[in-house]
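Make the full structure from the sequences, and use the hints.
Each residue of the sequence shown is one higher than the one before, counting from 15 in my numbering.
Simulated from the structure, these hints should not be mistaken for lab results. As the structure is a prediction and not an experimental result, all values here were calculated from the model. It cannot be assumed that every hint is accurate.
Distance condition first, Cα-Cα at most 27 Å in a straight line; then the derived DSS-like pairs of lysine-lysine [as the list claims (entries may be wrong)]:
hint : residue 1 : residue 2
1    : Lys17     : Lys37
2    : Lys46     : Lys32
3    : Lys17     : Lys46
4    : Lys46     : Lys59
5    : Lys59     : Lys17
6    : Lys25     : Lys37
7    : Lys17     : Lys32
8    : Lys59     : Lys32
9    : Lys59     : Lys25
10   : Lys46     : Lys25
11   : Lys59     : Lys37
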Amino acid sequence: MSKLRVHELAKELGITSKEAVTKLQELGEFVKSASSTIEAPAARKLREAVPAPAAVAEAPAKKAPAKKAEAPQVAVAPVVEAPPTPAPRPAAPTPAAVPPRPAPA
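Right, here's the structure in full:
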């Protein structure tokens with residue numbers, strides 16, 4: 015198991031980081047600050063040493079049904095109508111058919 019930071023364990027147990035550091039020092043663990051890492055056996059010692067009411071107070075909050083997350087509202091640009099297209103112009107009249115030239119001899 016990976017190492018655990020004291021402040022993470024304190025948050026899990028519902029106590030302050032300062033209380034967790036003090037308690038670990040009382041238990042004989044070498045801890046300087048809340049950002050110190052501790053091994054699994056030290057974490058187990060602290061979990062056993064912390065009074066049960068802190069852990070029980072957090073339990074009902076976990077059992078509450080989670081609300082369904084709503085999708086975030088997306089801003090939609092207003093619809094801009096395109097300007098009307100001009101009416102097509104009537105086709106230009108075609109010139110009269112020119113008779114073909116005679117082929118050179």
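Given hint Lys46 paired with Lys17 - CA-CA distance at most 27 Å: Holds. Lys17 to Lys46 sits at ~15 Å (cutoff 27 Å).
Hinted pair Lys46 and Lys59, Cα distance within 27 Å: It holds: about 17 Å lies between the C-alpha atoms, which stays within 27 Å.
Pairwise hint evaluation, Lys32 against Lys59, where the allowed Cα distance is 27 Å at most: Cα-Cα ~16 Å, so holds.
27 Å limit on alpha-carbon distance, applied to hinted pair Lys17 and Lys37: holds (18 Å)
Distance restraint between Lys59 and Lys37, which requires alpha-carbon spacing of 27 Å or less: Given pair Lys59, Lys37 holds - Cα atoms ~10 Å apart, limit 27 Å.
Pairwise hint evaluation, Lys32 against Lys17, where the allowed Cα distance is 27 Å at most: holds (19 Å)
27 Å limit on alpha-carbon distance, applied to hinted pair Lys25 and Lys37: It holds: about 14 Å lies between the C-alpha atoms, which stays within 27 Å.
Hinted pair Lys46 and Lys32, Cα distance within 27 Å: OK: Lys46 and Lys32 at ~10 Å, within 27 Å.
Hint consistency between Lys46 and Lys25 [alpha-carbon to alpha-carbon, up to 27 Å]: holds (17 Å)
Given pair status - Lys17, Lys59, alpha carbons within 27 Å: The hint holds at about 14 Å.
Distance restraint between Lys59 and Lys25, which requires alpha-carbon spacing of 27 Å or less: holds (16 Å)
Figure legend: structure checked against the earlier numbered hints; every hint is met.
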